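Make a model of the complete structure from these sequences and hints.
Residue numbers (the UniProt record's numbering), protein chains in the order written: chain A, 1 to 96; chain B, 1 to 191; chain C, 1 to 419; chain D, 1 to 352.
To be clear, the hints were calculated from the coordinates, so they are not data collected in a lab.
This structure is a prediction, so every number in the text was calculated from the model and none was measured.
Each hint should be verified, as a subset may be incorrect.
To be verified - The calculated SDA-like cross-link candidates involving lysine to any residue, where the alpha carbons are at most 25 Å apart (straight line), are: (1) D:K13 to C:A229; (2) A:K46 to D:E266; (3) B:K94 to C:E313; (4) A:K65 to D:L40; (5) D:K12 to D:P32; (6) C:K247 to A:G10; (7) B:K166 to C:S54; (8) A:K46 to D:P16; (9) C:K255 to C:F244; (10) B:K167 to C:F56; (11) B:K167 to C:L12; (12) C:K214 to A:G10; (13) C:K394 to C:S354; (14) D:K123 to C:D197; (15) C:K255 to A:R9; (16) B:K94 to C:K394; (17) A:K12 to C:D238; (18) C:K209 to D:D131; (19) C:K6 to C:Q262; (20) C:K6 to C:Y269; (21) C:K52 to C:Q15; (22) A:K28 to C:D238; (23) C:K411 to C:A334; (24) C:K6 to C:G273; (25) C:K255 to C:A334; (26) B:K109 to B:Y185; (27) C:K394 to B:M69; (28) C:K247 to A:P8; (29) B:K163 to C:R193; (30) A:K46 to D:Q43.
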Amino acid sequence: MTSTHKEPRGWKDLPLGAVSYRLSTDYKTGDWRALRPVVDLNKCVKCMLCWIFCPDMAIVWDGEKIVINYDYCKGCGICAHECPVNAITMVPEPTE
Amino acid sequence: MMLVRYMLEIRWHGRGGQGAWTAANLLAMAAAYDGKHVQSFPAFGPERSGAPILAFTRISDEPIDLHSMVYEPDIVIVLDPTLLKNVNVVSGLKKNGLIIVNYEGDTDKLYNMLGIKKDEYKVVVTPATKLALDILKRPITNTPMIGALIKAAPIVSFESIEKAVKKRFPGSIAEKNIALIKEAYKLAKEV
Amino acid sequence: MTEAVKTPIIPLEEQELLTVNGDEAVAYAAKQSLVDVVAAYPITPQTIIVEKFSEFVANGEVHTEFVPVESEHSAMSAVVGAAAAGARAFTATAANGLALMWEILYIAASLRLPIVLAVANRALSAPINIHCDHSDAYGMRDSGWIQLFVENVQEAYDTVIQAFKIAEDERVLLPVAVNLDGFFLSHTLENIRILPDEKVHEFLGGYRKVPKVKVDYFDEEVPLMLNPARPLTFGPLDLYDYYFEHKMHQVEAMKRVPEVVQEVNEKWYELTGRKYGDGILVPYEVEDADVIVTVLGSTAGTVRHIVKKLRREGKKVGMIRIKMFRPFPHREIAELLKNAKVVGVMDRGISFGSYGQSFLEINTSLYDYRKKPLLVNYIYGLGGRDAPPELIEKMFEELLRDAEKGVVENKLRFLGVRE
Amino acid sequence: MPAQTLPQIPIKKGEPAYKLWIFEPGWKGELPLILNPRQLAEQKRSALLPGHRLCAGCAAPIIVKLASFAFRGPTIVVNATGCLEVATTIFPYTSWAVPWIHNAFENAAATASGVESAIKALKKTGRLPWDHVDVVVFAGDGGTFDIGLQSLSGAAERGHDFLYILYDNEAYMNTGIQRSSGTPKYAWTTTSPVGTVLPGKTQNKKPIADIMVAHRIPYVATATPAHWLDLIKKVRKGIEVNGPAFIHSLSSCDRGWRHDTSLTIEVSRRAVDTCYFPLWEWTPKTGYLLTDRSLAIARNPKLKQPIEKFLEIQGRFRHLLKPENRHLLRELQEYVDSVWEDLLNRAANAPR
Chain A
1 MTSTHKEPRG WKDLPLGAVS YRLSTDYKTG DWRALRPVVD LNKCVKCMLC WIFCPDMAIV
61 WDGEKIVINY DYCKGCGICA HECPVNAITM VPEPTE
Chain B
1 MMLVRYMLEI RWHGRGGQGA WTAANLLAMA AAYDGKHVQS FPAFGPERSG APILAFTRIS
61 DEPIDLHSMV YEPDIVIVLD PTLLKNVNVV SGLKKNGLII VNYEGDTDKL YNMLGIKKDE
121 YKVVVTPATK LALDILKRPI TNTPMIGALI KAAPIVSFES IEKAVKKRFP GSIAEKNIAL
181 IKEAYKLAKE V
Chain C
1 MTEAVKTPII PLEEQELLTV NGDEAVAYAA KQSLVDVVAA YPITPQTIIV EKFSEFVANG
61 EVHTEFVPVE SEHSAMSAVV GAAAAGARAF TATAANGLAL MWEILYIAAS LRLPIVLAVA
121 NRALSAPINI HCDHSDAYGM RDSGWIQLFV ENVQEAYDTV IQAFKIAEDE RVLLPVAVNL
181 DGFFLSHTLE NIRILPDEKV HEFLGGYRKV PKVKVDYFDE EVPLMLNPAR PLTFGPLDLY
241 DYYFEHKMHQ VEAMKRVPEV VQEVNEKWYE LTGRKYGDGI LVPYEVEDAD VIVTVLGSTA
301 GTVRHIVKKL RREGKKVGMI RIKMFRPFPH REIAELLKNA KVVGVMDRGI SFGSYGQSFL
361 EINTSLYDYR KKPLLVNYIY GLGGRDAPPE LIEKMFEELL RDAEKGVVEN KLRFLGVRE
Chain D
1 MPAQTLPQIP IKKGEPAYKL WIFEPGWKGE LPLILNPRQL AEQKRSALLP GHRLCAGCAA
61 PIIVKLASFA FRGPTIVVNA TGCLEVATTI FPYTSWAVPW IHNAFENAAA TASGVESAIK
121 ALKKTGRLPW DHVDVVVFAG DGGTFDIGLQ SLSGAAERGH DFLYILYDNE AYMNTGIQRS
181 SGTPKYAWTT TSPVGTVLPG KTQNKKPIAD IMVAHRIPYV ATATPAHWLD LIKKVRKGIE
241 VNGPAFIHSL SSCDRGWRHD TSLTIEVSRR AVDTCYFPLW EWTPKTGYLL TDRSLAIARN
301 PKLKQPIEKF LEIQGRFRHL LKPENRHLLR ELQEYVDSVW EDLLNRAANA PR
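Below you can see the structure in the form of structure tokens.
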């Protein structure tokens, strides 16, 4: 949901009891990345180990193939290291 | 029933484990049944069984404001005659005050131990240890002292004492204690 | 002191007479308050509360889950967990136990959990002492809890029930500590009147009702609790960008406490015929008094006893019992004190290197007044040192002399200590 | 992302991958335990959402994610202070799709006691709209081995029904890599530095899981995220038993262990292969049982790797590989061997 509040909010606009009011899915950690995992779908055997081990829940199964969500991927490289068929390679993040 | 003054203050002397605080509580409960305002509390310490201890009861027609210990009691009750050797039980006792002692034996010796003169105070004795051993088979001398107290000064009704004892103790123990109170009442005498 | 009784909704004959000590009275009140979770650890002089409550649990008289924790730290931690999960939660402690809870006291208040804590006030170590003073309660004064002090066993019972009502009020949502003097109340048997269970339930509105909160990821307001139907995150990391704002919530909530306490006091009066001043301060004979003494807890009775005596002797003395220490009723107390010549502030605790804790508050209260009394701080009763009527009378005599002289030479005095 | 979501399992095609876990009042049933990776990906969502700010390559979120695949229904999570707590709930954000509470550092188990007791009391009085609500604790080694041990032991003794998952990164990583009683011998930390006199920490790791076994609670196990299937199965067992359950999961920290971020799973795997961190479970009925790779090693000792295999990819042990420290390495190997032998003697399913 998009918020009508200005950020950061004043105390009158904060919820009671200091509970969090936004989900971290609104916070993109993708820009932490120096190396970017790239999947070679021709090599992928859909074993799902990358999905199992990704610490950032940045690998998504779309029903047919794995997709890397670069919004969240921090580029740790676990997926590439654990891929049994070397279908994932870590490439430098484009500097543009 | 005798009218109590504005406030009656009672000090109990016993040894840890003899039930002085329980007796103070029973008396307070009984007085509360009679419609009085009451307070009962021990002189609090970490004492274990055997050590000399104090407990207090306050009884009043008015709500009780005071929340301090009792320094000038109207009545002193001594659960264990062996305390007389080491504890000055008459300390602070008001003029014409009442002393009730678990005691059987020579009156002069008692006065001597109390360190008081004849006619200075009213002294009432009852053989509580003997009675407790007969009836409870244990030397718990707290309840018989209540029997002696209400004979010497009928400050609470016997019915209320009975009610309090029954509330505090389960069935047969309550009955034995009531019997004990009655016996102590009978044998209590001014000396 | 209980004031003149008007006809209560629950007639006196329907209020059962009990002769119980302060701890038992607290346990009874908690029992009748439909408490869901009690987590507690034994410490003298609070232990009877836990023992008594365990009996209720053992006899199936309550639905409460009793958690016999391994420390006071865990007691406070467990009631925080329970209250966050939607339960009405209660605990009790004293002295070092309260000190051990200290870290979690702040958390309970910041998470806005309406926990009720009974403190059987006791001196802090060292040397170890089991008797009454208020250093334990003063130690938690900045933690965000509401602090109420009672004078007698009846008030302990009444105040514990009221504490749930105050804590859970949506204007408040703060934890409440009910302080009763160790031994002088905790272990002292007095006769009290208790309400029928269902009347207490009615007064509290049944089981605890959880307030609602709005977060961005739900369209509607959702219950402020750990709820699998509407997940919330309690106790997040809060850095310099938000922490200050969250503290403002607590500041504002505290501002709303006095009106709620007064309302609850008034409601209780209508129900039972008993009230304690306005629920915040309990003044006695202050209107024309030259000398006023302020005091917390059970010593207030002894002070009142002496005020009565001195009034009979024609001396213009009065007293105020401070029932609510946090939030502190600065304006209210200043209004009552401003016309006196001398005020003696009694503290059963001291902030070493400073004054007694309520003295600091009262100084602050009066600062802005052009006409104000001279102030004297009496530190008394540390470690359970008794404050008998003679000592209180001696204090009044000193204060009357000060009033006559119009000057106070020694602002910090120690009452009842051997030289 | 939609604000309000209902649990839809299996996930429909085209649905968002990240959702809150919502169990409407009256929800009945039990989420199935799925062990096939493809089916997992199709039917499970992590209780931990992306956007959390744990370090790249941290093992803790992997453990939480895997554990949440084993949740059976409405679940409340309690978190001790630590990296996981801090980095997943930076206000105003939360990464938790389930109800979650952080109280303090040393009291996660006590907090869970309170939550669990509240659930019981609500249920008893007809105010709990589900058959059961599970309580799962996540806490690090500092909050478990050290400051939280009292509260954990107390809660275990009282028998509260909760699962306590220890993610053990073997030091106080949240405050910057200080030694804990979970730090292994000779590891470098900032408070057990390698100096001219001292070769890192000079004490052995506290046997925390055995301490929990000694409480004779219904279920105790060890796990690592590398052995993910084993971990998921153990979490479900821990949730299903009545009473306290404890899972000790190794949780590598690339910052503190000084390894490449991509080696998080590799290093966990090597911890088991070298028998530095054997996998086992314990129940009062079965006693110790080896599981997964550790059972394979017990059956075929040739699979057991030397301790260097575990140490060589971690900078915190770099000094041990120097020639002058060979005796320390030998000592460490002997220690690992003796603990492993001890476990083989205790494990009912180890070949004799």
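Here is how each hint holds up against the structure:
| no. | hint | verdict |
| --- | --- | --- |
| 1 | D:K13 to C:A229 | holds, 24 Å |
| 2 | A:K46 to D:E266 | holds, 20 Å |
| 3 | B:K94 to C:E313 | holds, 23 Å |
| 4 | A:K65 to D:L40 | holds, 14 Å |
| 5 | D:K12 to D:P32 | holds, 17 Å |
| 6 | C:K247 to A:G10 | holds, 12 Å |
| 7 | B:K166 to C:S54 | holds, 22 Å |
| 8 | A:K46 to D:P16 | holds, 20 Å |
| 9 | C:K255 to C:F244 | holds, 17 Å |
| 10 | B:K167 to C:F56 | holds, 17 Å |
| 11 | B:K167 to C:L12 | holds, 21 Å |
| 12 | C:K214 to A:G10 | holds, 15 Å |
| 13 | C:K394 to C:S354 | holds, 24 Å |
| 14 | D:K123 to C:D197 | holds, 21 Å |
| 15 | C:K255 to A:R9 | holds, 22 Å |
| 16 | B:K94 to C:K394 | holds, 21 Å |
| 17 | A:K12 to C:D238 | holds, 16 Å |
| 18 | C:K209 to D:D131 | holds, 21 Å |
| 19 | C:K6 to C:Q262 | holds, 17 Å |
| 20 | C:K6 to C:Y269 | holds, 8 Å |
| 21 | C:K52 to C:Q15 | holds, 21 Å |
| 22 | A:K28 to C:D238 | holds, 19 Å |
| 23 | C:K411 to C:A334 | holds, 18 Å |
| 24 | C:K6 to C:G273 | holds, 6 Å |
| 25 | C:K255 to C:A334 | holds, 17 Å |
| 26 | B:K109 to B:Y185 | holds, 23 Å |
| 27 | C:K394 to B:M69 | holds, 17 Å |
| 28 | C:K247 to A:P8 | holds, 15 Å |
| 29 | B:K163 to C:R193 | holds, 18 Å |
| 30 | A:K46 to D:Q43 | holds, 15 Å |
Checked against the numbered hints above, the structure violates none of them.
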